[in-house]
Amino acid sequence: MTDARPWAGAVGALVAFGLPLALSYRLGPAGLEALSLWAITAIAAVGLNLTLGYAGQVSLAQGAFVGIGAYVGQFASAQGLVFGQAIAAAGVAAAALGVLLGWPVLRKNREYLPFATLAFAALAALAFRQGGLPTGDARPLADSRAYFQLCLALLAAASLVAWWILRSPWGRAFRALDANPVRAESLGVSPGFYATAALAIGAGLAGVAGSLLAPLAGGIDPGRFGVAYSVELLLLVVVGGSGRFFGPFAGAAVAALLPAWLGLGGTAYLIGLAILAVLVLAVAPAGAMGWVARLLPASPGEEAR
Amino acid sequence: MQDALQVVVGGLAAGAIYALVAAGFTLLWRAARTLNFAQGQFAVVPGYFALLAMNLGVPPWAAILFALVLAAAMFGALFNAVAEPVARHGVAALSIATLALGLALDQALAAAFDPEMRPRLTLSHDVPLAIAGLALSLEDLAVLVVAAVVLTTLLTFLDDTRAGRALRAMMHDARVAQVLGIRTARMALYAFLLNALLAGLAAMLIGLPGPARPIGATALTLAAIAASILGGFSLRPAIGCALLLGIVEHVGALFVPPAWRDAILPLLLILAVALRPRAMPGPGTERWA
Numbered sequence: 001m002t003d004a005r006p007w008a009g010a011v012g013a014l015v016a017f018g019l020p021l022a023l024s025y026r027l028g029p030a031g032l033e034a035l036s037l038w039a040i041t042a043i044a045a046v047g048l049n050l051t052l053g054y055a056g057q058v059s060l061a062q063g064a065f066v067g068i069g070a071y072v073g074q075f076a077s078a079q080g081l082v083f084g085q086a087i088a089a090a091g092v093a094a095a096a097l098g099v100l101l102g103w104p105v106l107r108k109n110r111e112y113l114p115f116a117t118l119a120f121a122a123l124a125a126l127a128f129r130q131g132g133l134p135t136g137d138a139r140p141l142a143d144s145r146a147y148f149q150l151c152l153a154l155l156a157a158a159s160l161v162a163w164w165i166l167r168s169p170w171g172r173a174f175r176a177l178d179a180n181p182v183r184a185e186s187l188g189v190s191p192g193f194y195a196t197a198a199l200a201i202g203a204g205l206a207g208v209a210g211s212l213l214a215p216l217a218g219g220i221d222p223g224r225f226g227v228a229y230s231v232e233l234l235l236l237v238v239v240g241g242s243g244r245f246f247g248p249f250a251g252a253a254v255a256a257l258l259p260a261w262l263g264l265g266g267t268a269y270l271i272g273l274a275i276l277a278v279l280v281l282a283v284a285p286a287g288a289m290g291w292v293a294r295l296l297p298a299s300p301g302e303e304a305r
Numbered sequence: 306m307q308d309a310l311q312v313v314v315g316g317l318a319a320g321a322i323y324a325l326v327a328a329g330f331t332l333l334w335r336a337a338r339t340l341n342f343a344q345g346q347f348a349v350v351p352g353y354f355a356l357l358a359m360n361l362g363v364p365p366w367a368a369i370l371f372a373l374v375l376a377a378a379m380f381g382a383l384f385n386a387v388a389e390p391v392a393r394h395g396v397a398a399l400s401i402a403t404l405a406l407g408l409a410l411d412q413a414l415a416a417a418f419d420p421e422m423r424p425r426l427t428l429s430h431d432v433p434l435a436i437a438g439l440a441l442s443l444e445d446l447a448v449l450v451v452a453a454v455v456l457t458t459l460l461t462f463l464d465d466t467r468a469g470r471a472l473r474a475m476m477h478d479a480r481v482a483q484v485l486g487i488r489t490a491r492m493a494l495y496a497f498l499l500n501a502l503l504a505g506l507a508a509m510l511i512g513l514p515g516p517a518r519p520i521g522a523t524a525l526t527l528a529a530i531a532a533s534i535l536g537g538f539s540l541r542p543a544i545g546c547a548l549l550l551g552i553v554e555h556v557g558a559l560f561v562p563p564a565w566r567d568a569i570l571p572l573l574l575i576l577a578v579a580l581r582p583r584a585m586p587g588p589g590t591e592r593w594a
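Line by line, the protein sequences are chains D and Z.
Here the first sequence is numbered in my numbering, starting from 1 and rising by one per residue.
Here the second sequence is numbered in my numbering, starting from 306 and rising by one per residue.
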């Protein structure tokens, strides 16, 4: 999408980053907290979009990786590391776990990945709840605007990484894996290696998102990172537009706006999200950004997705 | 020794419930190209239907009948409304739709019912049956008998009736089945209805194991998947593996602290994925995204 119509990508980036940045100067602490949550969700969704949207691997553990990032980030901060180092540690730890989980499955039978990640998510959720891990101290943010801008900067960095990967030979390998694994393999693209790479990079971004979540929420809620959270992230990517570069931004916006718009608690939001996702899957599998892309004039060489 | 045997029988009863959902999971994948990640919810929701009916004063047998019919109607309608249109966009899309369905059902149940109020059909907790010196619970035996009858009926239906053999043909190769004149769309609907019945019966049996801990939806989904993988997505092996899974889980629970018992099933599922190096059978050559 960005390749075929550079101006569309530029406009997308302007809307995705400029609008929230402008908003951040108008909003109070509560609004800034919601915006920060949007940016954090978007980072995790950008990661899952690489795994699911581009490489075509269904991972049901993205929420578990966010949780792992939250705990590792908290632990690293408690050890006296600088916040930046804690974020990096969270990303690296989650990515390493992604390799450990992904490689044994993806090396041979990629179609078992949803099952393995589901079991991993259930195990991780249990460990979070029963492990007695430190949840960190509930300390309010000193400056919620600065914190949001940090989240937005990291979202920009995550998007740059994703953009760079997608333009690199790895990105083409991801798409080849999604389009036709057998043919990709015959062309020398090792499906196991690239599927694991896609899962691990997605997990790493989830870890980064997790490390940002704990300070915002004032400590870690151990019950938050259950299987339902992984499913929620997956549905957000689908609703936003799986395999669309700005899809995760739209998906995260749904997560930020839908609860407020429905004016109800988490239950109604999750049911609404599930219905929305089923509608998208049935009627318009390209998601919200696919719908936006159809409004734009098509350019030559645009690949049909 | 006797204690060990009792644990094994308890595990066998849990395994019999797993066998029902695993048989449905395998059937749905092979015959209707649906990986049903909401399988656990399929096997929990009818229990609440029965509970609602019983709270209205309906006698238990009528409540069970009502719940099964309502579950079959509901999941049959879902097939027409959701599975058919989504399936056109591929296997992965349909899997994600079932995940969405499971999430919505979970949330709706949590909002509508007090978590303490679980569906439970009581036979008699206080009268353990003494057979050959073993104190077996009536509930465990009832579960085993009902599951055995249901699964035997299912296998007989699939082997010896025209519709069942058509389903069998679809499980082997849907395209060839279609060429041979089998109406595949209708057969896929039958697979959905059969699965709804199997899961609904599992829901009724979950109400039975009285003092034992209730089985949650996620655990049921994990068990159905693990047994199906270990059984190579064939019905009889999957049923056998489900029984084994129940026994292993209950014996393993003796060595694990109570708070960590829920870890056994996901660990067994990961083991199943690791132990089963074969490619996934069925419509597995379909494109995944």
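No lab work stands behind these hints, which were simulated from the structure alone.
Just so you know, even glycine gets a beta-carbon here, dropped at the ideal spot from N, CA and C.
Certain hints may be false.
[To be verified] Here are the computed distance ranges between Cβ atoms for each label pair:
| hint | chain 1 | residue 1 | chain 2 | residue 2 | range |
| --- | --- | --- | --- | --- | --- |
| 1 | D | Gln-79 | Z | Leu-361 | 57 to 63 Å |
| 2 | D | Arg-107 | Z | Thr-466 | 53 to 59 Å |
| 3 | Z | Ala-309 | D | Ala-157 | 53 to 59 Å |
[What the hints assert, rightly or not] These stretches of chain D come out as covered by chain Z in the derived footprint (C-beta under 8 Å, 3 or more residues):
| hint | region |
| --- | --- |
| 4 | 249-259 |
| 5 | 270-279 |
[What the hints assert, rightly or not] For the chain Z half of the interface with chain D, some residues (derived, Cβ under 8 Å), not all of them:
| hint | residue |
| --- | --- |
| 6 | Pro-390 |
| 7 | Ala-397 |
| 8 | Ile-401 |
| 9 | Leu-404 |
| 10 | Ala-409 |
| 11 | Gln-412 |
| 12 | Asp-464 |
| 13 | Ala-468 |
| 14 | Gly-469 |
| 15 | Gly-557 |
| 16 | Trp-565 |
| 17 | Ala-579 |
| 18 | Leu-580 |
Now the hints, each set against the structure:
Between D:Gln-79 and Z:Leu-361 the beta carbon distance is about 58 Å. The supplied range of 57 to 63 Å therefore holds. A hinted range of 53 to 59 Å is violated for the C-beta pair D:Arg-107 and Z:Thr-466, which are about 42 Å apart. The hinted window of 53 to 59 Å between Z:Ala-309 and D:Ala-157 holds, with their beta carbons roughly 57 Å apart. Using a Cβ-Cβ cut-off of 8 Å, 0 residues of the region 249-259 of chain D lie near chain Z, which falls short of the minimum of three, so the contact claim is violated.
Proximity of the region 270-279 of chain D to chain Z, defined as three or more residues with a beta carbon under 8 Å from a beta carbon of that chain, is established by the 7 residues found. Proximity of Z:Pro-390 to chain D holds as hinted, the smallest CB-CB distance being about 4 Å (cut-off 8 Å). Proximity of Z:Ala-397 to chain D holds as hinted, the smallest CB-CB distance being about 5 Å (cut-off 8 Å). Checking Z:Ile-401 against chain D: minimum C-beta separation of about 6 Å stays under 8 Å; hint holds.
Annotation: interface hint on Z:Leu-404 holds; nearest CB of chain D at approximately 5 Å, less than 8 Å. The restraint placing Z:Ala-409 at the interface with chain D holds, with a minimum CB-CB distance near 4 Å, inside the 8 Å limit. Annotation: interface hint on Z:Gln-412 holds; nearest CB of chain D at approximately 5 Å, less than 8 Å. Annotation: Z:Asp-464 was flagged as interfacial toward chain D, and the flag is violated, the nearest CB pair being 28 Å apart, outside 8 Å.
Annotation: Z:Ala-468 was flagged as interfacial toward chain D, and the flag is violated, the nearest CB pair being 28 Å apart, outside 8 Å. Interface restraint check for Z:Gly-469: the shortest CB-CB distance to chain D comes to about 27 Å, outside 8 Å, so the restraint is violated. A hinted interface residue such as Z:Gly-557 counts as satisfied when its beta carbon comes closer than 8 Å to some beta carbon of chain D; here the least separation is about 14 Å, so the hint is violated. Taken as an interface hint, Z:Trp-565 checks out: its beta carbon lies about 6 Å from the nearest beta carbon of chain D, inside 8 Å.
Given hint, Z:Ala-579 at the interface with chain D, holds; its Cβ is 6 Å from that chain's nearest Cβ, closer than 8 Å. Here the hint on Z:Leu-580 is broken, as its CB sits about 11 Å from the closest CB of chain D, past 8 Å.
Violated hints for the displayed structure, listed by number in ascending order: 2, 4, 12, 13, 14, 15, 18.
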